[in-house]
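Asks: Produce the complete structure using the sequences and hints provided.
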Amino acid sequence: SIEPNILTLLLPKLTCLPRFFSLTIDTRQTLKDLSKIYRLIFDLPKLKYIRFSAVEPEDIDVTVFLPIATNKQLSTIKYLFIDHPCSFNELFTIISYTFQICHLNFIHKKGSTLKLENISSIILSNLTHLSIYGDDITFDEFQIFITKIYSKLKVLSVTSLSQDMTYLDADRWEEFILKYLPLLQKFNLRYYVFLNNDHETVMYFGKSNQFFSSFWIERQWILEAEIDFDNIIYSIGPYKERWYEYDTQHKIMNILNKLAKSMRTVLMSFTTEHDFDLLSENICHILTVAQTYHLKISNKLFNGALIEILYLLPELDSLQISSVSLSHLRYLSIDEVELDSISKKNQITKVCLDKMFTIEEIYFLIELFPRMTYLKVDIINNMNIELFVRLILIKIIEKSNYQLRLLSFCVVAADDEIIEKLNKMINYEKLLLNYKTKRILDNIYLQWK
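Numbering (this note's numbering), first residue to last: 1168 to 1616.
Treat the hints as calculated values from the structure; they're not laboratory data. Built from N, CA and C at the ideal position, the CB exists for glycine as well. Each hint should be verified, as a subset may be incorrect.
Computed list of lysine-lysine pairs in BS3-like fashion (alpha-carbon distance at most 27 angstroms, straight line) [to be verified]:
{"#": "1", "residue 1": "K1512", "residue 2": "K1616"}
{"#": "2", "residue 1": "K1605", "residue 2": "K1588"}
{"#": "3", "residue 1": "K1346", "residue 2": "K1321"}
{"#": "4", "residue 1": "K1588", "residue 2": "K1425"}
{"#": "5", "residue 1": "K1346", "residue 2": "K1213"}
{"#": "6", "residue 1": "K1543", "residue 2": "K1467"}
Across the chosen pairs, the derived CB separations fall in these ranges [claimed, not checked]:
{"#": "7", "residue 1": "L1283", "residue 2": "K1199", "range": "19 to 29 angstroms"}
{"#": "8", "residue 1": "I1227", "residue 2": "D1193", "range": "15 to 25 angstroms"}
{"#": "9", "residue 1": "F1524", "residue 2": "N1610", "range": "28 to 38 angstroms"}
{"#": "10", "residue 1": "P1179", "residue 2": "V1322", "range": "42 to 52 angstroms"}
{"#": "11", "residue 1": "E1565", "residue 2": "S1436", "range": "32 to 42 angstroms"}
{"#": "12", "residue 1": "M1550", "residue 2": "L1479", "range": "30 to 40 angstroms"}
{"#": "13", "residue 1": "I1227", "residue 2": "E1408", "range": "34 to 44 angstroms"}
{"#": "14", "residue 1": "K1428", "residue 2": "D1507", "range": "19 to 29 angstroms"}
{"#": "15", "residue 1": "K1215", "residue 2": "I1552", "range": "14 to 24 angstroms"}
{"#": "16", "residue 1": "L1241", "residue 2": "K1428", "range": "45 to 55 angstroms"}
{"#": "17", "residue 1": "E1408", "residue 2": "Y1216", "range": "28 to 38 angstroms"}
{"#": "18", "residue 1": "E1284", "residue 2": "K1203", "range": "18 to 28 angstroms"}
{"#": "19", "residue 1": "P1537", "residue 2": "S1292", "range": "39 to 49 angstroms"}
{"#": "20", "residue 1": "C1577", "residue 2": "T1182", "range": "50 to 60 angstroms"}
Replies: Right, here's the structure in full:
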């Protein structure tokens, strides 16, 4: 963190440098009034890139008091990264100096209001990339801000911590983008939902599943949700292929079918039964926004959690879990009627286990997911690979109507010799007739009919 007095002495001396194009400043915790620093920055005649960090994002005491720029005060800056809190009104005075700007990132100052009478529209014809981080920007304020800037935005990134649930209104986004952002190619949204002062989550009362209309699918902008203890993070971003997005023949699925049912929820952290009460509330919140078809659980499950989650999410097609501890799952104490009920009701066809410790964990998954066609295991601890495959195939043979047809697992430093040993074992014991094995780097695939 550079001292302000040193910075104010240094910046004027940089004006004589003929190739001084880029500048990064960090004055964290040392300066509140940034007005003078910005004036000195705009005086740098060759500057193209500026990243200005000052205080923390939640600090609302930082200020920028500048007059609107005149024609003689225009800067050459094209890349402006404002890494400090800034009100919309302060931002408009800053960007009045940067008419050539093409990339703009800024943090909105919490508690500041948009004063329309002090803001005139501004033409930024080169602006193609915009990133906004805001604590309490309402959707209406965000819209007004965008409409006050005449630009050719191609990339828009918005992070919002506002309690305004309009951010989850897909129809409003569609109407707004079509009208004001016709050139937009990439769109990223991260919308945080927190507990309010009454320790309750603000509910969403709009239409569900609207982010999977033709508008969103054609652009391949996909909605996902993440639950991290007491908050939900909704995100929209470009489609990325997932491990579960191909059929048992290993063919790429139809893109439209994938995107129409692409909603994935990620569970990040919950460890106690008290946490699970809050988790179930957050899952219900997500279901009001969109049906979930894919679930990733990033931590170890506590007693009975998996069973309870499956009841909450009956439309799941895929499940990825970090690990399964049978003692934590109360495997022996789960009522057989309950286990039979959930195994009949769930529709899961693809399961990924990140880390396996005992073969009994696989047996449990086989019992729990009778419609499973694809099983993926990333890490196999303390077990011979041939024995691992042999035990699974024997279990499948015992269940004559089981639908599993594709098994994949990761072997560190896998080679073709492992494939040969697997084939030899399968053929010798006559476990499969019509099958094929293949290796892609350290991943081995066993597929049969």
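Asks: Taking the hints in turn, state whether each one holds.
Replies: Checked hints:
1. The suggested pairing of K1512 with K1616 holds, with an alpha-carbon distance near 25 angstroms, which does not exceed 27 angstroms.
2. Straight-line distance between C-alpha atoms of K1605 and K1588 comes to about 12 angstroms, which keeps the hinted pair within the 27 angstroms bound.
3. A distance of roughly 14 angstroms separates the Cα atoms of K1346 and K1321; the hinted pair therefore holds under the 27 angstroms criterion.
4. At most 27 angstroms may separate the alpha-carbon atoms for a hinted pair to count; K1588 and K1425 exceed this at roughly 36 angstroms.
5. Between the alpha carbons of K1346 and K1213 the distance comes to roughly 36 angstroms, so the proposed pair goes past 27 angstroms and is violated.
6. Note on K1543 and K1467: the hinted pairing holds, with a Cα-Cα distance of about 17 angstroms set against a maximum of 27 angstroms.
7. Checking the proposed 19 to 29 angstroms range against L1283 and K1199 shows it holds: the Cβ atoms sit about 26 angstroms from each other.
8. The supplied range of 15 to 25 angstroms is met by I1227 and D1193, whose beta-carbon atoms lie about 19 angstroms from each other.
9. Judged by the Cβ atoms, the range 28 to 38 angstroms given for F1524 and N1610 is violated: they are separated by roughly 20 angstroms.
10. Distance hint check: the CB atoms of P1179 and V1322 are about 34 angstroms apart, inconsistent with the given range 42 to 52 angstroms.
11. The hint said 32 to 42 angstroms for the Cβ distance between E1565 and S1436, and at roughly 37 angstroms that hint holds.
12. In this structure the hint that M1550 and L1479 lie 30 to 40 angstroms apart at CB holds, the actual value being about 32 angstroms.
13. Between I1227 and E1408 the beta carbon distance is about 42 angstroms. The supplied range of 34 to 44 angstroms therefore holds.
14. One distance hint, 19 to 29 angstroms for the beta-carbon pair K1428 and D1507, holds here, with the actual separation near 27 angstroms.
15. Remark: the range hint 14 to 24 angstroms for K1215 to I1552 is contradicted by a beta-carbon distance near 55 angstroms.
16. Range check, L1241 to K1428: about 50 angstroms between beta-carbon atoms, so the 45 to 55 angstroms window is met.
17. Distance hint for E1408 and Y1216: a CB-CB separation of about 34 angstroms, consistent with the stated range 28 to 38 angstroms.
18. One distance hint, 18 to 28 angstroms for the beta-carbon pair E1284 and K1203, holds here, with the actual separation near 26 angstroms.
19. Range check, P1537 to S1292: about 60 angstroms between beta-carbon atoms, so the 39 to 49 angstroms window is missed.
20. Checked against the given bound of 50 to 60 angstroms, the beta carbons of C1577 and T1182, roughly 57 angstroms apart, stay inside it.
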